[in-house]
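> Just need the whole structure built from these sequences, with the hints factored in.
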Amino acid sequence: MQKIRIRQAAAAVLMFIAMVVLPACGGQTTGPAQNAPKQILLGASIPETGALAAFGTYEKWGYTTAIDDLNKSGGLYLSQYKTKVPVALKLYDDESQPQLATSNTQKLILSDKVNGLLGSATPPQVISGAVVAERNRVPMVTGIAPIRAFLGAQPKWNYVWDIFFDELDMTQQQFLTMNTVASNKRIALFTDNEQDGVVMGKLWEETAPKMGYTIAYHATFPVGTTDFGDLIRRAQAAKAEVVITQMITPDAIALWRQMQTLNYRPKAAFIEKGSEPAQWATALKDAAQGVMVTGYWYPTLPYPGASTLRTRFEKDTNQTYSQHIADTYTAAQIMLDAITSAGSLDPNAINTAIGKTDKTYVVGPVNFAKGPGGHTSALPTFMLQWQNGQTQIVYPSKLSTAKFLYPLPAWSKA
Amino acid sequence: MTPSTLLAGAVSGLLLGGLYAVTALGLSLVFGVMRLVNVAHGELLLLAAYLNFVISGALGIDPLLAAVLLIPIMFLVGYPLQRWIFNPLMHMGSEPPLLAAFGLSIILQNVLLLIWHADTRVLVTSYSGMGVQLFDVRVSLLYVLAFVMAFVLIIGVHLFMQHSYLGKAIRAAAQDASTAQVMGINPEQIYALTYAIGAATAALGGTLIGMTFSFVPTSGLTWLLKGFVVVVLGGMGSITGMLGAGFILGIAEGVGGAIAGTGYRDMIGFLIFIIVLVLRPAGLFSRSRV
Amino acid sequence: MNIRERLDVKSASQQSEKQKHNSLYWISWLIIGLVGIGLLFVPFIADQYSISLAYTFFLYVALAQSWNLLGGYTGLVSLGQAAFFGLGAYTTALLLTLTGLPFLVAILASGVVATVFAVAISLPVFRFRGIYFAIGTLVLAEALRIWMINWSVTGGAQGINLPLASLPDPNSFYYIALALAAASTGIIAFILHTKLGIGLRAIRANEDAAQNMGVNTFRVKLFAFAISAFIAGVAGGVQATYQGTVEPYSTFAVSWTITAINIVIIGGVGTLFGPVVGAAFATLLDQALQNYASIHLMITGVILILVIRFLPAGIWGQAHKLLERRGIINALRRLSHNAART
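Protein chains in written order, with numbering that gives the first Met the number 0: chain A, 0 to 413; chain B, 0 to 289; chain C, 0 to 341.
Please keep in mind that the hints were generated in silico from the structure rather than gathered at the bench. Since we're looking at a predicted model, the values are computed, not measured. Any given hint could turn out to be false.
Pairwise CB distance ranges, derived in the manner of DEER restraints [what the hints assert, rightly or not]: (1) C/Asp168 / A/Leu167: 30 to 40 Å; (2) B/Phe150 / C/Pro123: 50 to 60 Å; (3) B/Leu278 / A/Asp111: 52 to 62 Å; (4) C/Asn170 / A/Ser343: 37 to 47 Å; (5) C/Leu163 / A/Gly342: 23 to 33 Å; (6) C/Ser151 / B/Val275: 24 to 34 Å.
The beta carbon of each residue, even a glycine, is placed where N, CA and C say it ideally should be.
Right under this line is the structure:
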């Protein structure tokens, strides 16, 4: 009995191997190609659905548009082949789940054989994909990942490059903005326990006393929390007039709604990351008014193509823009410029070229060599405020586009 | 941690307990009558929430009103599930139906994912943000609503089981299927109807979940496990016991969460579950049925 | 007759077969050897993506076998396999990040940690009888997941990033997983011929009767639980190093348990090669529907229900019975008898 069983098992396994191996034997070696490649393939795993879907929308537009813009001129000029080659983009949805970011990136590298990668959104997703890129030595350029969180994930990055804001700079903005008005200087912090929450929570704790503020209450909670009742009551009891939070959009919406229910109305609220996308304002309608969030890009900034980028996005998608269209558009452009500069599709050549980037893009000046860790480029920050469904710069005054609304009026009747 | 935060935790927990009882009702019913652990129950709750999203959106009505329409719909969804998936497996022991329910939950979860994706959703109403003052504690109006609905539904189901012909037939089949058969009751039909009723209660349970919290297709497991805790605490024996169990769970979570931290709230229920089961491993489910 | 009873009859008769070392026996071993050597050479001729597929296949086999030992051979339907898997993954991640321990030591330690956890919870968990064991393990696994999401010591939601320098080369994971799959199958094959193996199957058939016949049911269940946890823990450690990161939401997700159960039941519960067939099926389906993950899972759910209803012995189990019924096996037996005589 056992022998027969074994034999049949062997047959089953052989069949599987045949199915796996035979297609592969169809000659898949990539030898040195004398002819130009038919296309250059870039890939990205982005959160098209799930809790981070809002970011995915902007990313998809940013990446796709940058590549389309290049293709309009016939493609990317590869000096090795002395011809222009069209660029294609392969996108996978990672559903806002880190393990899908990992497996999608693996697929892009091993199955689709991309020449370069673009990142996902927010540290858990970005880092998961970046680790795969790093291990397989495929260059990746990403935005939407605060620099210290990104740098903290690996002792040294070699193949992944990040353009975004520096938390050291960003965690000052809330205090600087509050310095322009009067308050009891008591702050309630709400930070989740993923990278951004941990990094920024710690920085806010350190910075507050230096700037003359008190952290009256600091709530930490896991991502995906739906019930903030207990935390809100404690913040109320601590008599904090300023609320600073770091959480993803669905959690932020839940928190803000529950604050309304429990009638906790701070004089100012900085809802970082969660209130960035337009989805925040759409979901909360009037209740979104007056909420602040750190900005790093605005259409009025003096960078090439800044104002037209916004109009193009809104025309293409019929949605309110977000600053993320700029860093994602730029990330794709950096990759394309690097490939052009390298002149070939050799990953190491491309990688070196990315490292030498020194140019002002639509999101601002980008230089990785000078940035923290040698692999990041920091974007300076300012403060935005939601006013009537649009974000306005309210600090610093030299950049501001509207008056700083302070304090938040009492909760209107629902 | 002050007395007032503990009190607030207890009060909001008590109210939430009503919601927990409602969501666990279908689970309890199906297990009490057929000994079927319907691990797809969480997904039935979510299905109701998503359907409500569609109906209340399409007709422009309040989700609670849409829930009324949803009750017969969920009933019709539940009936064939029991009839064609579980009934043929009932004689195979307790594990095959459990595993089949597992399969069903996978199917349902991915149907929801395919149609509505993984985006977070809420059933929003004009009164979603309202709060009320209770015992010196401010709570969400939705919690109070859920609490009231829980009483209404559970007492209603209890009365139905006690006094209606179908209710008595179900209890008969639960106590002794073969004797019931001799008396002219078709157990297969009864099982299908019971499951359908369980699914119908999910119409309200899912609606309340959708209004009070947010939901995604993968939220099903959390609600299933909460349901287990309520069922284990309340005992199979009584529908009304569900209310008490829900309150205990809600208060324990509220107070425990205030002490240990919001993130550990769900764990409190699990600890209760393990402790209760350890103390009474099989005896919790007494012979006395609904 | 339920699933358990059907299979038990078959295995009891197998136990009484005396092994004849005839030419057929040696031919079978030759085939296995050839297959084994063939598997060793696959990475040289297959493309990168197929190799990564093979890695997943082998990992699934190992994870499925760990559940098979518990649910298939002992009849303990546990829904908490993800807990052992996750503990193994985190142990490896912590060891590699905080200490300089080599990879092999780390993953073996992961198996040990998972085993310790299994032993620790066995006292309360074995008090749950029948269906409550299933629910209880599910609750425990989920409780562990929530704990890990909150516990800042292990990084909370951030998880842990393994130091890339300490990880094996991506190409070697094929062999690591192959070894794991072979070892897990081998462990079960070995156990089946020991007293433990007989005890397991006695418990599956009827625990109370087994107890009355003198089987120390608690000890047997404990061994099965511990070994199952060990295999799952090592598998978790391997996956952690393959991914390079661990985070609690996915590492402890119930989907690992579901995958293991699906594979075993569809492939053939309580058989040695059922999980291999099931894993091949799952991997191929995954490939075919790689851009439609939801559809893939839906189909798996439908097939699971169909198998439970119409094909309780699973693909492999059913194929085996068919061949048996058609007398092919008897014919082959006669053939080998004749060959031995000449």
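> Each hint needs a verdict: does it hold in this structure or not?
Evaluated hints:
1. C/Asp168 / A/Leu167: 30 to 40 Å: Because 36 Å falls inside the window, the suggested range holds.
2. B/Phe150 / C/Pro123: 50 to 60 Å: This hint is violated: roughly 34 Å between Cβ atoms.
3. B/Leu278 / A/Asp111: 52 to 62 Å: Check passed, 56 Å falls within 52 to 62 Å.
4. C/Asn170 / A/Ser343: 37 to 47 Å: violated, 25 Å
5. C/Leu163 / A/Gly342: 23 to 33 Å: For C/Leu163 and A/Gly342 the Cβ distance comes to about 29 Å; the hint holds.
6. C/Ser151 / B/Val275: 24 to 34 Å: Since C/Ser151 and B/Val275 have Cβ atoms about 29 Å apart, the given range 24 to 34 Å holds.
Checked against the numbered hints given earlier, this structure breaks hints 2, 4; the rest are met.
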